[in-house]
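Chemist: Listed below, chain by chain, are the residues.
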Amino acid sequence: MAGRTQVAARPSGPGTAARAGTATRAAGSRARSNGGAAPAEIQIDEATRLRMYRTITEARAFEKRANELFLEGVVRGTTHLAAGQEAVAAGFAAAMRKDDYTFCTYRGHHHTLARGVPMTPMLLEMVGKKGALMGGKGGSMHLTSVEHGAMGSYAIVGAHLPIALGAAWSAQYRKSGQVAVCFFGDGTTNIGAFHEALNMAAVWKAPVVFVCENNQYMEYTAIRDVTAVEHPAADRAASYGLESIVIDGNDPEAVYATARRYIDRARDGGGPALIECMTYRHGGHSRADPGTYRPKEEVAAWLARDPLPTYRAKLIEVGIAAAQLDEMDKEAARKVAEAEQAARTAPEPDPASIETQLWSDGGSSWRSAPAASTTAASATTATAATETAGRATNG
Amino acid sequence: MAGRTQVAARPSGPGTAARAGTATRAAGSRARSNGGAAPAEIQIDEATRLRMYRTITEARAFEKRANELFLEGVVRGTTHLAAGQEAVAAGFAAAMRKDDYTFCTYRGHHHTLARGVPMTPMLLEMVGKKGALMGGKGGSMHLTSVEHGAMGSYAIVGAHLPIALGAAWSAQYRKSGQVAVCFFGDGTTNIGAFHEALNMAAVWKAPVVFVCENNQYMEYTAIRDVTAVEHPAADRAASYGLESIVIDGNDPEAVYATARRYIDRARDGGGPALIECMTYRHGGHSRADPGTYRPKEEVAAWLARDPLPTYRAKLIEVGIAAAQLDEMDKEAARKVAEAEQAARTAPEPDPASIETQLWSDGGSSWRSAPAASTTAASATTATAATETAGRATNG
Amino acid sequence: MAEMTYRAAVTAGIAQEMERDPNVVFLGEDVAAAGGVFKATGGLVDRFGKDRVRDTPISEQAIIGAAMGAAMTGLRPIAELMFSDFFAVSWDMVANQIAKTRYMTDGQVALPLVIRTANGGGLGFGAQHSQSIENWAMAIPGLKVVAPSTPRDVVGLLAAAIRDPDPVIFCEQKSLYPIKGEVPDGELVDKLGTAKIVRPGSDATVLALAAMVPRALEAAERLAATDGTNLEVIDLRSLVPLDTATILDSVKKTGRLFTVEENPRLLGWGAEIASLVADEGFWSLDAPIVRITAPHVPLAAAPALESATMPSVERIADTIRRRLDEAR
Amino acid sequence: MAEMTYRAAVTAGIAQEMERDPNVVFLGEDVAAAGGVFKATGGLVDRFGKDRVRDTPISEQAIIGAAMGAAMTGLRPIAELMFSDFFAVSWDMVANQIAKTRYMTDGQVALPLVIRTANGGGLGFGAQHSQSIENWAMAIPGLKVVAPSTPRDVVGLLAAAIRDPDPVIFCEQKSLYPIKGEVPDGELVDKLGTAKIVRPGSDATVLALAAMVPRALEAAERLAATDGTNLEVIDLRSLVPLDTATILDSVKKTGRLFTVEENPRLLGWGAEIASLVADEGFWSLDAPIVRITAPHVPLAAAPALESATMPSVERIADTIRRRLDEAR
Ligand SMILES: Cc1ncc(C[n+]2csc(CCOP(=O)(O)OP(=O)(O)O)c2C)c(N)n1
Ligand SMILES: Cc1ncc(C[n+]2csc(CCOP(=O)(O)OP(=O)(O)O)c2C)c(N)n1
Ligand SMILES: [Mg+2]
Ligand SMILES: [Mg+2]
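Residue numbers (this note's numbering), protein chains in the order written: chain A, 1 to 395; chain B, 1 to 395; chain C, 1 to 328; chain D, 1 to 328.
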């Protein structure tokens, strides 16, 4: 194809799809990035490696159990598992500063855990019990922990891209040196908000890194059936004057190296980046979806590249003791068990809490003053105020 | 810049900006078009040339007078003139089949006239008098004449791109051979609907030609200040697997040749195209905007390339008698005078018409049966029904 | 007569109309090959082909815009918005374009199209996948708004909506998809704008919609059993056109009005009806109009919180009892 | 005291707050260099710099989303939507994200932001540039909704909105931009959720908002002059929070309620207030509640049609007279 350099062919299988390290392509006509300059080779130390392994094994253990609990009816509503995609979370989180911002989607357990959010309140949020991360008001699709920089999981496709841009703009304005990292799926690249956010981020040189986890499906439909280009994110980067970047999303070290490069660049005023990580979800889109619309061989090929065993093998290869990894696996299991215990035993949340925290005054009244105190306190008036809410605090 | 062929430099003035004929660039990685194949040279006969001249001179005369009437207070509300951009309308309309669809914007007088919509009802719509094209309900920004294939002017930026795609899909489904041509401005390329429509049109191979009239300003802000790429449409074509096309929008023949090529291709099942026409509006964005945010030299340079005198000169050069063109100018003046006369003398529309044509039954009731006939016909009830509408037919 | 789920009734209604009219086409995300995320459109693509049943990208503006463009040029599209919350990303297409175009063009353009959507709460999906948006649509002139509560009404009203020459927002309450009901054999076409008195009564009028209909009915049965109260329960079925005659006649008979609304309080559909009755039915009223709604908050995900927010049978019954007592 | 236009009051209100708090930033289309298409933000960029006053592309989702992201990370953004009709293209950001996030996160995220917009009709701009969308926002839990009718209220309520810790939709009625009024010197900060009795009276309560306030007042003066009727006119100023006490107290005194709404009939703000009064104020009511609204149609562009659609002084006065007579 004319005009492209280092373009990866559409993967016929994961082996060809993903290449370790970054593969950047020529930028658009008015690229605002300095990505052309070769960065110093990024070194990955042992602590970082172990940290990434921990993220992967913990996310995997957490989601496996969450799924079991879902099938058992303990986790209710819906869940979207990222099993298979954890290397993206591991690599990026390791490259972020503690005060950087993560924006992700309903498929966001891995990213949320990767920022250090504890499992117990997360799982309680998914089951909707007392002690939940957000009091049960958000649910599985909206996990947020501001103190960990986990600025929210968003359930409307595309919505968080402009929001992440806004957080980045704020960091830029406040000169705080923070970077926003925004994760989303391949399917998200076809919605309007993607386009608006990318363009405005580029024009404003906002410190935001947009990360497409290309797991090749939007719910039950293959991304290639509904997208005009092969790489839904990378093939659109030039529209925003950005480099076209496709990396192996199942290789935590490739992810980390790329993440470091573009996060650091954004922090240094180099503006946004758009990174497409080729990956795959092991299960279906959500809940009990068996994902049968996917060819068996495709699934098998990607399972063979499961980041958990492959990264484990790689770490052992570079000299990390298996026992150390085993210890981490056990630690993950311990945390999961603890969370599970809480999920099974926690009481239901207080129903009165539904009328709290709509507003910053802690309440949810749409009246500027309690009706009873300002109108003649007739029985009718007082009761009516109660009525519409189902309880008195709504007044 | 790597990866681009035949890229025009950002115009420092119109002379360098616009090149006659089409300049296509390499398509994206999965281009669905057959644009690579060289088309037979498109011949432009005299009738077509005269037709294009007529469109230009009529649109110019119409808008000039409309603006005067606006300043005089006869035309009310708002108006957005296309003076300077008429060559785009002339070239495209000449290349369209009678039953093709035009979708345009509030800046759409030229496109509407080019499809043969008569001036008098158009001007009456702009003044809001009896006999108006749409009864005065639409106004200047919404001119529509379905019988002429003028499927509407749209006032929300970007909205009509998906709608035009839908009309094209319908033509494809009905195998009618119709093509939808959708005109919009440079500023429109930054809104979400643009992105969604382009992608879906490409995936569906819909017979729609998207035409960006790049007049270099969105209202009062230069497009370059808010856009990540130099050519807001063409530099994004690859995102949809489409060719990158930039043409001289002030040269009717260049426009015609390109329009013919891509409209015909769309009709033949070759799918959509995105064409960026470099042009300039002579006046401000709307109404009395003096457009002072534009450098004097820029305005002067583009005025020197005004399609009306330049095309006139060209036609005389190729042997068309000046008298013939004069006759057309006079004919345009006659039509404008007639429309003006109507605009000045027509009565106000019937206020009762506000309650017609919301629904296909001709009315606007939100009740499934007239209140008076179904409830006890007490004075109260009957009056109340009247109340809410301000007149009885609302019931 | 066949017993059928609400979900299957959706498929049946669409199939009935696609069979009849080749201009009926259907588009949406995951609706074809996958048969819809709620499995309400299974098999349609096999039966009617990929040209008529189309999977789309995640591009709601393009989906709704395409439906509009197709409707104005001779087709009768049905577009699916997977969750009604996604009206928010396509609201311009719905509220500014589709609703206004016929009027603005003084009738030149007709828009016979249906937007089907999974509306409402009850499944623990949280605030962005559980909204009741009938009121968003009701507030926009130019949109018809329909919300069936039974499989039979799904088929009949969907057919009526598809045949209607104007745009119809068709709200399927997603917690109702598994419920079953009798659906007559043969072609079924209902009439928009007709409310149904699902339980005749004399003590008070109770208006409900979609998932609130079975709850209101159950509350009425309970109060009949415990208090001997005889409530008239009306399934509105359609908000635009609104069957004001049935509502006003009922209030005339009972002298009392309650609404049962799943939506948050402010400007739920009950507000409009309360204002209607407080004007045109004022002299029939014996006591205050009472709206039973969700409090004015988003819908929480936790099951315990979600059910505390949506009007429950208990809350409906308790409120009606208390307010009737009060006025005695 | 200075006389100032409504338009200038917008500039003054923003400037007052930007001066005070460096975290207040402002973004929108053509707002900086051009000073806004309604010239309501002229000079701000010169005074506060390009970092704080930013021109954007035509990307309303990005504008509103960026405001949200900035608000959740320490800034207090003001975003302009040039016309309120453009809420439709950014409705997801407003209704699904901004409105719900504080609640969904159980208070972890605060969103101190203001969306300013040119709302309403009267300038002949047609159906897509003249809508009154206060009711769209009022229906969404988590949004505060303010609509000033005077220059003084513009400054005071804008300051209050900017200082408010929650998201506020600030509706400027675009036909009011040229009107003039007195604005006190010095810092001005009003209180959200306080209605103003702009004409005390005893015969009936008339509620109005924004451009309908001067019309309702004029109608009241006419009826006082011609019929000796003494109307109480209340400028609501804020729909959320809603000053229910002032409304209910007034109805208690007058026994009659009229609303004057620029919006199309169905689910205009008056519906909610009618339903409130038909419940909590029922026993005070002497006669039907009457809503004076636009008919339920889009707003036509032709001046003759536009003014036939919006409630005029004549229609307000005639309706009130007739309905008062009727009930005597
Ligand atoms: C605006 C919008 N449209 C549709 C949906 C329904 N939906 C939820 S997830 C999803 C697929 C998203 O695909 P992708 O972006 O690839 O993310 P993935 O689920 O693969 O992580 C869809 C269509 C939604 N939540 N929001
Ligand atoms: C969604 C939306 N945002 C903003 C506007 C206000 N507006 C009207 S025209 C315009 C500029 C459009 O620029 P462009 O697309 O270049 O078209 P041009 O006016 O130059 O023909 C803007 C911002 C609008 N009508 N719709
Ligand atoms: Mg995906
Ligand atoms: Mg332009």
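Just so you know, the hints here were simulated from the structure itself, not pulled from any lab data. Be aware that a few hints might be false.
[Unchecked claim] On the chain A side, residues computed to face chain B include the following (Cβ under 10 Å):
#1 120
#2 200
#3 226
#4 323
#5 324
#6 327
[As the list claims (entries may be wrong)] Which chain D residues stay away from chain C? Per the calculated CB distances, all over 10 Å, these:
#7 1
#8 94
#9 198
#10 267
#11 274
[Stated by the list, open to error] Straight-line alpha carbon distances no greater than 20 Å define the calculated SDA-like cross-link-like pairs of lysine to any residue that follow:
#12 50/D x 23/D
#13 180/C x 48/C
#14 175/A x 34/D
#15 50/D x 64/A
#16 175/B x 214/C
#17 196/D x 50/A
#18 39/D x 175/B
#19 130/B x 291/B
#20 130/B x 346/B
#21 296/B x 107/D
#22 39/C x 291/A
#23 64/A x 362/A
#24 191/D x 291/A
#25 205/B x 49/C
#26 191/C x 298/B
#27 50/D x 270/A
#28 64/A x 367/A
For each residue, glycine too, the CB sits at the ideal point set by N, CA and C.
Chemist: State for each hint whether it applies.
Modeler: For each hint, the structure was consulted:
1. 120: The hint is violated - residue 120/A has no Cβ within 10 Å of chain B, the shortest such distance being about 39 Å.
2. 200: Nearest chain B Cβ about 8 Å off; hint holds.
3. 226: holds, 6 Å
4. 323: Hint violated; residue 323/A Cβ to chain B Cβ min 47 Å, cut 10 Å.
5. 324: Interface hint status for residue 324/A: violated (43 Å vs cutoff 10 Å).
6. 327: Since chain B brings no Cβ nearer than about 46 Å to residue 327/A, farther than 10 Å, the hint is violated.
7. 1: Its Cβ never comes within 10 Å of chain C, the nearest being 37 Å, so this holds.
8. 94: Nearest chain C Cβ is 8 Å from residue 94/D, so the label is violated.
9. 198: Per Cβ check, residue 198/D is outside 10 Å of chain C; nearest 23 Å; holds.
10. 267: Residue 267/D is in fact no farther than 10 Å from some Cβ atom of chain C, at 4 Å.
11. 274: violated, 3 Å
12. 50/D x 23/D: Status holds; Cα separation ~14 Å.
13. 180/C x 48/C: violated, 26 Å
14. 175/A x 34/D: violated, 27 Å
15. 50/D x 64/A: violated, 50 Å
16. 175/B x 214/C: Distance ~47 Å between residue 175/B and residue 214/C Cα, so the pair is violated.
17. 196/D x 50/A: The hint is violated at about 64 Å.
18. 39/D x 175/B: Violated. Residue 39/D to residue 175/B sits at ~50 Å, over the 20 Å cutoff.
19. 130/B x 291/B: Violated, because 33 Å separates the two Cα atoms, which is more than 20 Å.
20. 130/B x 346/B: Judged against 20 Å, a Cα distance of about 6 Å means the pair holds.
21. 296/B x 107/D: violated, 53 Å
22. 39/C x 291/A: holds, 14 Å
23. 64/A x 362/A: violated, 36 Å
24. 191/D x 291/A: At roughly 54 Å apart (the allowed maximum being 20 Å), residue 291/A and residue 191/D break the hint.
25. 205/B x 49/C: The given pair, whose Cα atoms are some 17 Å apart, holds under the 20 Å limit.
26. 191/C x 298/B: The given pair, whose Cα atoms are some 61 Å apart, is violated under the 20 Å limit.
27. 50/D x 270/A: Since the Cα atoms of residue 50/D and residue 270/A sit roughly 19 Å apart, the hinted pair holds (cutoff 20 Å).
28. 64/A x 367/A: violated, 45 Å
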